[in-house]
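There are 2 protein chains.
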Amino acid sequence: MKTPGKVLSAFRRDARFLIATHINPDGDAIGSSVALACALEAIGKKVLVYDRDPVPKIYRFMPGHGKFRTDIRNMLKSDPVLVLLDCNAPDRAGLEGFSFRSSIVIDHHETESDFGDIRWIRKDAAATGLLIHYLIKALGVALTRDMAENLYTAISVDTGTFRYSNTTAGVLTASAELVKAGAEPNVIAESLYETWDYKRFRLFLLSMNTLEKKNGIAITRVTREMFRKTGTKPEDTEQFSNFPRKIDSVKMSAMFRELGGNQWKASLRAKGAVNVAAIAETFGGGGHRNAAGYKTEGDFACVRRALLQAVRKLEGDKKT
Amino acid sequence: MKTPGKVLSAFRRDARFLIATHINPDGDAIGSSVALACALEAIGKKVLVYDRDPVPKIYRFMPGHGKFRTDIRNMLKSDPVLVLLDCNAPDRAGLEGFSFRSSIVIDHHETESDFGDIRWIRKDAAATGLLIHYLIKALGVALTRDMAENLYTAISVDTGTFRYSNTTAGVLTASAELVKAGAEPNVIAESLYETWDYKRFRLFLLSMNTLEKKNGIAITRVTREMFRKTGTKPEDTEQFSNFPRKIDSVKMSAMFRELGGNQWKASLRAKGAVNVAAIAETFGGGGHRNAAGYKTEGDFACVRRALLQAVRKLEGDKKT
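Protein chains in written order, with the numbering used here: chain W, 213 to 532; chain D, 213 to 532.
Calculated from the structure, these hints are not laboratory results.
Which copy? The list can't say, so a pair holds if one copy fits it or any two copies do.
Dumping the calculated DMTMM-like pairs for lysine to aspartate or glutamate here, alpha-carbon to alpha-carbon at most 25 Å:
1. 279 to 396
2. 507 to 493
3. 425 to 450
4. 477 to 324
5. 349 to 336
6. 483 to 396
7. 349 to 389
8. 445 to 424
9. 269 to 450
10. 445 to 460
11. 458 to 409
12. 458 to 402
13. 441 to 424
14. 525 to 511
15. 483 to 358
Could you put the whole structure together from the sequences, leaning on the hints where they help?
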């Protein structure tokens, strides 16, 4: 993937940049932002890094994450060029109402907006971190270990550490270069996947013990009572909804998390056979083909039944 | 890693080969054997593939695994050259008592034997499959999709799909070449990690529900009663002992599987801080630094206490 010339010239031309990424940042958003900030600093640029939300605890092993600031006000004084990463509309980054003299957008999500003076959006790229890797090489900046660790983490998070279908030969070749520059695959994998606290592990078991399998759908739930009992929080359920996919006869996993007052957040995960985005949309939610979600109301028996009906209807529609 | 010239000449010189690998074969043993058989056949050699044990169910997605035969007798008539893969002593392959006119050994385990006329043993290689990849290239054979899928699976199994510390830049570069030749990372990962049957999932939960954490040691057990209740077998516990490593405060996971009559098989897994091979050795078992095992006798309370004492003693020894 070749970095477009206009992207390169924009970074070479200007002196001050504000890198911003989407709210509720994930490993790709954080790693891309920090690695690009380091690379721009290496060629003498002034760089600020912004996210409306703080870096989540599980990503605080990433070197340089302390560069993130959560307050935009002081940042605008120097009149920087906006660099929007891993999203392509200012509202996704909590930047509504601010204006910038110019902007560069680098992203791999489906295009939703035409924002940006210079846009490099490659939805065929597994991660924004992969684009930043190519950009840093094209800028002629030597990869440091910190940059490599950030980019390797970015790519790991968005490819399930090379387990999703976006894992191409190019992804593996780039990752090999990052390992050569100092990224440690086992340390990063352990930081991403083996740092649950014990409370979270107990919540996981409570939730998995509710598993019910019906017509290839695995249904689990996490109740407020479980959070209370284990001293955990909603963000501790991250990755839980993926787990029942391990079962060969499960084509879809649905996890219902109790929000309170008969309200539930449903997280749907599939393996390709069911389009969970279509199911989530029937409940006013959305997402991707294999990962989607929605909010719903009712007692658990009701919301469970409604989901099973929606799947049946969708499968009936497919057949007719 | 360069394929030694003597290895290349041995394969070029002879016409008939018997590829054999270790008993209880894993993905590296199977993938290496099948890929090499395909490559040798591509240059006109006659090849037989042997394992004393049948290919385990979870590896039957690998193309060409049907090449394996479990009966050695008819194989010896053609007087083949023995190719021993992923182990380096004939008894590891159930070949005691047989003799061959010559033998080639390709392996990445610690050397335990001086068997073999031609030996290529690289303990710094992540997988035997990686050595076979280099060998096939050096033989000038074009990688087919079947070879690529076998080698990618071999490397995946021995690196935890790029999560263990043996994941080098070379491993990722080779894997990129295998993807170019047709291996599909997501299909292979799903086949390896997302094909538990429901019985096995229920056994997993029963076992995890026994988890007890003591001084950074996670202790779980699987009883014969659990196997009976879920209709599962000992091989269904594969990977269970790794799971408690997810907990940040766990430095070692110990799973006790009941063999019957107060006998237990202990599987120990660590993250680097504890040397579980040393612990297993105190009970007459063995293994590697981060994965080891032993058999022991006594009621559960006893074997549990004996393990905790052995860890305490080992840590005491380290301090003094």
